[in-house]
Amino acid sequence: MSTFRPGCRVTSFGYHHGPAPSADLVVDVRHSLRNPANNPALIHMTGLDSEVAAHVMATPGATGLVVRTAAWVNGLLTDLPAERWRRVDVAIGCAGGRHRSVALAEALADALRTTGTPTEVVHRDVDRPVVAT
Numbered sequence: 249m250s251t252f253r254p255g256c257r258v259t260s261f262g263y264h265h266g267p268a269p270s271a272d273l274v275v276d277v278r279h280s281l282r283n284p285a286n287n288p289a290l291i292h293m294t295g296l297d298s299e300v301a302a303h304v305m306a307t308p309g310a311t312g313l314v315v316r317t318a319a320w321v322n323g324l325l326t327d328l329p330a331e332r333w334r335r336v337d338v339a340i341g342c343a344g345g346r347h348r349s350v351a352l353a354e355a356l357a358d359a360l361r362t363t364g365t366p367t368e369v370v371h372r373d374v375d376r377p378v379v380a381t
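Letter by letter, the sequence shown follows residues 249 to 381 of my numbering.
Since the hints were derived computationally from the structure, they do not count as laboratory data. Virtual Cβ for every residue (Gly too), placed ideally from N, Cα, C. Keep in mind that the hints are not guaranteed to be accurate.
Distance ranges between label pairs, derived from CB positions [stated by the list, open to error]:
1) Thr363 x Pro267: 42 to 50 Å
2) Gly309 x Arg361: 16 to 24 Å
3) Asp327 x Val378: 36 to 44 Å
Work the whole structure out from these sequences, hints included.
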């Protein structure tokens, strides 16, 4: 018999494309992380591209944000009854949902998977047009 392990869904999104999705935690990175959309070499890429992810994660505090958010998720999943937390939903938003939120969502998912937490990632707005910020 296998033991059920609750997991996490991380959703990236852009505030310019609608409100934050329903989540247990919403992280707004519009003003806290470097915006690749300000760099002509990166603007048409997404947070799934290694250059964009590196640019975002080089922002002072970005790695700490990932570490603390992963610890929060794992704390909920560990400390509360599994019947309460079948899944923790985290939504990460930036302006357009293509760069910062995507890179941070992927970094968070990697951190959670490293600890054995089943994690799925949804990028709601990654394929939408670049927005002017």
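Structure versus earlier hints, numbers of those that do not hold, lowest first: 1
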